[in-house]
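J.: Full structure from sequences and hints, please.
There are 2 protein chains.
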Amino acid sequence: MIRSVKLDGGLLRNKQRVAVEKMLPYQWAALNDQVEGAEPSGCVNNFKIAAGKAKGEHVGLVFQDSDAAKYLEAAAWAEQVKHDASRRKNVTQMIKLFEKAQMEDGYLNTWYTLKEPGKRWTNLRECHELYVAGHMLEAAVAWFRTTGDRSYLDVMERNIDHIMTVIGPEEGKIHGYGGHEVLEMACASAYEVTGQEKYRALMTYLIDERGKEPNFFDEELNSRNGESHWSRNWPLSYFQAHKPVREQTDADGHAVRACYLYAGMADAARINGDDSLTAACKTLWRSLVDKRMYVTGALGSTNVIEGFTFDYDLPNERAYSETCAAIALVFFAQRMLRLEPAGEYGDVMERALYSAVLPGVSEEGDKFFYVNPLSVWPEACQKNNDLQFVAAQRQPWFGCACCPPNLARLLCSLQNYLYLQRDDGLYAILYGSSTAQVETPAGQISIRQRGGYPWSARQVFEFEGDTNEPYSIFFRVPAWCKKYEAVLNGQTVALVCDNGFVRLNRRWQTGDKFVLDMKMEVRFVRANAAVRADAGKVAVLRGPVVYCAEEADNGANLSALTISVGTKVTAQYCKDLLGGVVALEAKGHRELAALDTLYGDAPRHIERVKTPIRLVPYFAWGNRTPGEMDVWLRRED
Amino acid sequence: MIRSVKLDGGLLRNKQRVAVEKMLPYQWAALNDQVEGAEPSGCVNNFKIAAGKAKGEHVGLVFQDSDAAKYLEAAAWAEQVKHDASRRKNVTQMIKLFEKAQMEDGYLNTWYTLKEPGKRWTNLRECHELYVAGHMLEAAVAWFRTTGDRSYLDVMERNIDHIMTVIGPEEGKIHGYGGHEVLEMACASAYEVTGQEKYRALMTYLIDERGKEPNFFDEELNSRNGESHWSRNWPLSYFQAHKPVREQTDADGHAVRACYLYAGMADAARINGDDSLTAACKTLWRSLVDKRMYVTGALGSTNVIEGFTFDYDLPNERAYSETCAAIALVFFAQRMLRLEPAGEYGDVMERALYSAVLPGVSEEGDKFFYVNPLSVWPEACQKNNDLQFVAAQRQPWFGCACCPPNLARLLCSLQNYLYLQRDDGLYAILYGSSTAQVETPAGQISIRQRGGYPWSARQVFEFEGDTNEPYSIFFRVPAWCKKYEAVLNGQTVALVCDNGFVRLNRRWQTGDKFVLDMKMEVRFVRANAAVRADAGKVAVLRGPVVYCAEEADNGANLSALTISVGTKVTAQYCKDLLGGVVALEAKGHRELAALDTLYGDAPRHIERVKTPIRLVPYFAWGNRTPGEMDVWLRRED
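Line by line, the protein sequences are chains A and B. Heads up: the first sequence begins at 1 in the numbering used here, then just goes up one per residue. Heads up: the second sequence begins at 1 in the numbering used here, then just goes up one per residue.
To be clear, the hints were calculated from the coordinates, so they are not data collected in a lab. Note that the structure is predicted; figures quoted are calculated from it, not measured. Please note that a few of the clues may not be correct.
Remember, identical chains collapse to one label, so a pair may be satisfied in a single copy or spanning two.
[As the list claims (entries may be wrong)] Within a straight-line C-alpha distance of at most 27 Å, the following computed DSS-like cross-link-like pairs (lysine-lysine) qualify: (1) K383 x K282; (2) K243 x K383; (3) K383 x K291.
T.: Below, the structure written as C-alpha cells:
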C-alpha cells in the first residue's frame with residue numbers, strides 16, 4: 001500500500017502549488033459568484049437554496065452541481081498537499097448543505113429539486129443526474145480517504161442507495177445509464193475504499209447495460225416525444241451508446257464522456273477480472289492513441305460534438321482538444337496501467353498531462369483554456385466566425401465551467417500518479433522530486449526522489465527502511481528515451497527495458513541509492529502521412545514536453561517559418577521565463593513576403609532568410625503578449 | 001452599339017449550351033417542384049396562389065420569388081442564344097401570373113401577400129423585399145431588351161412606382177434601403193434601357209442613403225423590438241451598412257451582397273459621373289482583390305456570415321466561396337470595366353468566371369455547388385461537423401436555391417461579356433469563338449472570332465464591313481501572358497500593351513484579319529506569405545484556368561504529394577476528359593506513409609517516391625468518382 005506521496009520540487013510540484021494556493025481559493029470565489037468579470041456560477045447558492053438557507057432561483061446548467069463536487073474533490077486532495085483550515089471549513093460547510101439539500105429519499109441534485117421537481121430521472125440521456133452523482137461520489141470518496149471524515153460519503157451512500165431503487169436490472173426500474181459517464185469510475189473508487197458490494201454492482205450494471213438493444217436512450221427520447229433539453233439531439237455515438245461497450249472498436253463521440261467511460265470500463269475489467277472488457281479497453285485505447293489523438297495528447301477534432309470524428313482527422317487550428325478530455329485521458333491511462341503495466345500507458349499519460357492538461361491553466365492559476373488548438377492565429381479566432389469557439393487567450397471562467405475545477409482536482413491529486421503498486425511490485429510512473437511512504441509485503445520503505453524532470457531525466461532515488469525479502473521496483477523508461485544508464489549504489493547495473501520498465505528486485509536497505517539517468521534529446525516528430533493537417537510539418541519535443549513557436553519570441557506569421565529536421569537545437573533552462581522552463585533555440589528560415597499583391601509567380605526556390613527560432617513548452621504558451629502559436633512547424637526538405 | 005454577339009464554339013459556348021438546353025428546363029422543373037429527390041421550391045406555385053390560380057400556403061424562404069426572377073432573366077438571355085417556344089411560353093405564363101399577383105398599388109411579393117400581409121416594408125434589413133424587386137426588375141429589363149415585349153417591364157414599373165411611394169428622401173417615406181443589395185444594379189439597367197429618370201433616382205438614393213447615421217437598420221430593428229426574421233441578428237457590416245458607402249474601405253460582410261452593392265456603386269458612379277463614388281469603388285476593389293480573394297476568384301472565408309473576414313484570411317478547406325459571390329464579382333468587374341477600361345478588371349473577371357463560377361455546375365448541368373472550397377477531403381465533410389456546410393459533391397438543388405438560377409442567368413448572358421463598347425472604341429474582354437455585330441460611329445462591322453480559348457490563346461478576328469473613319473479596337477492581353485504576337489493581314493504589328501490592352505486604330509475593311517497570339521504557359525503561383533493557409537504551397541494555372549489535383553487521377557491523400565516549382569509540365573487537350581479539357585501532367589513526389597503509428601521520429605530527409613501528378617481544371621472537378629481535391633499543392637524546396 002502506498003501510504004503517502006508528496007511532491008516537493010520541480011514543475012509538477014509548482015503546478016500543484018498553484019492549484020492549491022491560487023486555483024482553489026479562486027474557484028471557491030467563482031462558485032460563490034465572487035469573481036469580478038467572470039460569468040456567475042450560482043453553484044454554491046443553488047445548494048443554499050435547496051438547503052433552505054437562501055432564497056432565489058437555480059442558476060446555471062443542469063450539471064452545475066458537479067462544479068462544486070469537483071472543487072470538493074480537489075480540496076480533499078489538497079489536504080494531502082497542505083492543510084488549510086479555511087478551505088477545510090468550506091468543505092465541511094458544503095457537506096452540511098448537502099445534508100440539508102438531500103431529499104428524504106436520498107435524492108440530491110439542485111436542478112431537479114429547485115427547477116423541475118417533477119422531472120427527476122426522465123432524461124438520463126441529456127440531463128446529467130448520474131454525472132452529478134458520479135462527481136459527488138468521487139469527491140466524497142476523496143474526502144473520506146484523505147480525512148477519514150465519513151459524513152460526505154454517508155450522504156452519497158444514501159444517494160446511491162436511492163439511485164439503485166430507481167435504476168437497475170430489476171423489473172420496474174429504469175434499465176438505463178447516464179448520458180455523461182463518470183459514475184462508473186466513482187463507483188469503482190467507492191468500492192475500493194469501502195469494499196461495499198453495491199458500488200461494484202452499480203458500476204458493472206451501468207457498463208454492461210450501455211448500448212444494448214432496444215436502445216434505452218432512444219426509448220427514453222420517444223417517451224419524451226423527442227423533446228430535447230438542449231438545442232439538438234445528438235446521435236447515440238455521442239454518448240457511446242450506439243453499441244454495447246464490448247462491441248465498440250473506435251473511440252467515438254464526445255471525448256470527455258468517451259474517456260470517462262473507458263476509464264470506468266478499465267476499472268470494472270480489473271475489479272471484476274473481466275477479460276472481454278479488458279479486450280474492449282485495449283481495442284479502444286489503440287483506436288484513440290493510434291488514430292485519433294493529437295501529438296499533445298489532446299482529444300477532440302470537432303467543436304460540434306466536442307469529440308472524435310474519424311481516423312487521422314486532426315485539424316490543428318480548429319482542434320477542439322478540450323482540457324477535460326485530456327484529463328479524462330490521464331484517467332483512462334492510469335486505469336490501463338492498473339490493468340496491465342505497459343510503459344505506453346505511462347507515456348501517453350505524461351504526454352497528455354504535460355501538453356494537454358497543463359496548457360489549460362495560466363501560470364498564475366487564474367485563467368483557463370477550455371479549447372486547446374495546436375495552431376492559433378488570434379485575428380482569425382476573433383474575426384472568422386467559424387473559429388468563434390476558440391479563445392486565443394485564457395479566460396477567467398466559463399458559463400459551462402467544467403474545465404477549471406477538473407484541472408484543480410487533477411493537479412491537487414498528482415501525488416497519486418507517481419507510483420502504482422501491484423502484486424508484482426511498485427511501479428514508478430511519473431517522475432518528480434518527491435517523498436513516498438510505501439508499505440510492501442516485505443516491509444515499509446520510503447523513497448526520496450530527486451531530479452530535474454521534465455527538464456532533465458536523471459532521477460535519483462534514495463531509500464530508507466529495510467525489506468526482509470527481495471521486492472521489485474519497476475521504473476518507467478519512456479519511449480522517447482533511447483539511452484539510459486542505471487546506477488545502484490555507485491555501480492552501473494545493466495537493466496533491460498521490458499515493456500517500458502526496468503526492474504530492480506532486491507532487499508532494499510536504508511541508504512540504497514538508485515540513479516536512473518535517461519538521456520533526453522530534442523526530437524523532431526512527424527505525423528502519419530494520413531494526417532492531412534500535418535503534411536510537410538514537424539513537431540519538436542524534448543522528453544515528455546511538446547514545444548511550440550509563439551509570436552512573442554518569433555514575430556508574427558509563424559507559417560512563414562521553416563526548420564530543418566535534425567538541425568542543431570540548443571536547450572537552455574531559463575528560470576525567469578514562463579515560471580522556469582527549458583526553451584529551445586535553433587536556426588531556421590523565414591520565407592520572405594516578397595509580394596505586394598495577393599498572388600504572384602512562385603520563384604523556383606523559396607526566398608528565405610536565416611532566422612533564429614525559439615520554441616517554448618506548449619503548456620506555457622499564451623502567458624505573454626497575446627499572439628500566434630504553432631505546434632507544427634513547416635519542415636525544410 | 002453592340003447589336004448582337006453569339007458564342008459559337010469552345011468552352012464558354014459549351015457551358016452556355018448546357019445552361020440553355022439542360023439547366024433551364026431542369027430549373028423550370030425545380031421551380032415547379034417536379035425534380036425528384038430535390039427539395040421542393042414552391043416558387044411558381046407561390047405566384048399561382050397569389051394570382052388566385054391555386055390554393056395552398058406559401059412555400060420556401062422570404063426571397064423565394066427571386067428564384068423565378070433569375071430563371072426568367074436567364075430565359076430572356078437564352079432567347080438571344082436559341083429561341084425556344086416552350087421556354088418562351090413559360091415566361092409569358094409567369095408574366096401573366098405576375099400581373100395577376102400584383103396588388104392594386106403595384107406591390108408584388110408572394111411572401112408578404114400570402115404569409116405576412118400586414119408586415120410589408122417592416123423589415124428591409126432582413127426580408128429581401130427590395131432584393132426580390134431588384135431581381136424581378138433585372139429580369140424584366142432583360143426580357144424587354146431581348147424580345148421587345150414590354151409587359152413584364154410594365155409590371156415592374158408599377159412595382160417600382162409603388163416602392164418609390166414608400167421609400168425615398170421625402171418626409172413620411174422610409175429613409176431606407178435593402179439588406180440584400182441588387183436593386184441598385186437593376187435600376188441602372190432599367191435606366192439605361194428606358195432612359196426613365198426614376199430608375200436613376202432610386203438607384204442613387206439607395207446607394208447614398210446606405211450606412212448613414214442614424215443607422216436605418218438599427219432604428220428599424222429597434223422599432224421591431226429587436227425581433228429577427230432569422231435565427232440571429234447580423235452586424236451592420238454584414239449588410240455593408242456600417243458606414244456610408246463612400247467611407248467603406250474594406251470588402252466586408254456577406255460577399256454576394258457586398259459585390260452586388262459594389263457593382264451598383266460602379267453603375268451609379270458611371271451614370272452619375274460621380275468621382276467620389278468611383279474612388280470608393282476602386283478602394284473596395286483593391287481590398288477585395290489584393291487582400292480577400294481566393295486564387296480561384298472565389299470570395300468568402302467563413303460559413304457563418306457567408307462572407308469576408310479580414311485580410312489574408314483565406315482558409316482552403318473551410319472556404320465558403322459561394323458560387324453566387326463569384327457571379328457577383330463578375331458583375332462588379334464588368335461594371336469597373338465600364339467605368340475605366342483597365343485590363344485587371346478583365347483578368348479578375350475571367351479568373352472568377354472560369355474558376356469560381358463554372359465549378360458551380362456539373363458537366364451535365366443538373367448538379368450544383370453552393371460552396372466551393374479549394375481543398376476537399378470528402379470524409380471530413382461528411383464526418384467532421386465543423387465542415388457540415390461543405391458538400392463534397394454537387395447537389396441536385398438547395399432549400400436556399402440562389403446559386404443554380406444565378407448561374408443560369410450568367411451563363412445564358414455570357415455573350416454580353418465578350419465585348420464592351422466605350423466612346424474611345426470597342427474592347428475585347430473575354431475571348432471565345434463567336435460572331436459579333438457592332439455599330440460604330442464610323443459604320444457597322446461584324447467580327448468573327450476563332451480560337452481555342454481558354455486552352456490556347458491564339459485568337460483570330462475576321463472583319464466584315466467597312467468603317468469610313470479610323471475606329472479603335474482594344475484587345476485585352478491578360479496579365480498572365482508574358483509574350484504575345486499581333487499579326488494584321490499577314491503582317492506582324494508591334495503593339496504595346498497599355499493598361500492591359502493592345503489597340504488597333506484603323507479604317508476597318510471587309511476581309512481584315514487580325515491574329516492575337518498570346519503565349520500560354522503553365523504558371524506556378526504562390527500566395528502572399530501573409531496567407532497562412534497557403535504557406536509552402538503552390539497553385540498551378542494555365543492561361544485563365546486554375547488547376548487542381550483530384551483523387552480520381554492521383555489516388556487518395558493529396559496532401560502527401562509534392563511538386564517542384566518550374567518542373568516540366570505537359571499540357572494536353574483530352575477531348576474525352578471532363579467534356580474536353582487541357583489536362584496537365586508533371587513529375588512530382590509522394591511522401592511515404594512509413595509509420596504504423598500516429599506519430600514517429602521525422603527522418604532528416606522526407607522519404608518520398610517519384611510519382612506522376614495529373615492536374616485538371618478546377619472548374620471540372622467533382623465530375624468523376626467522388627474523392628479528394630486540392631488546388632494548393634505542397635511545393636518542394
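J.: Now look at each hint and say whether the structure bears it out.
T.: Now the hints, each set against the structure:
1. K383 x K282: between (42 Å within a copy, 24 Å between copies)
2. K243 x K383: between (40 Å within a copy, 18 Å between copies)
3. K383 x K291: Answer is between: at 15 Å across copies they meet the 27 Å cutoff, but 31 Å inside does not.
Comparing the model with each numbered hint stated earlier shows that all of them hold.
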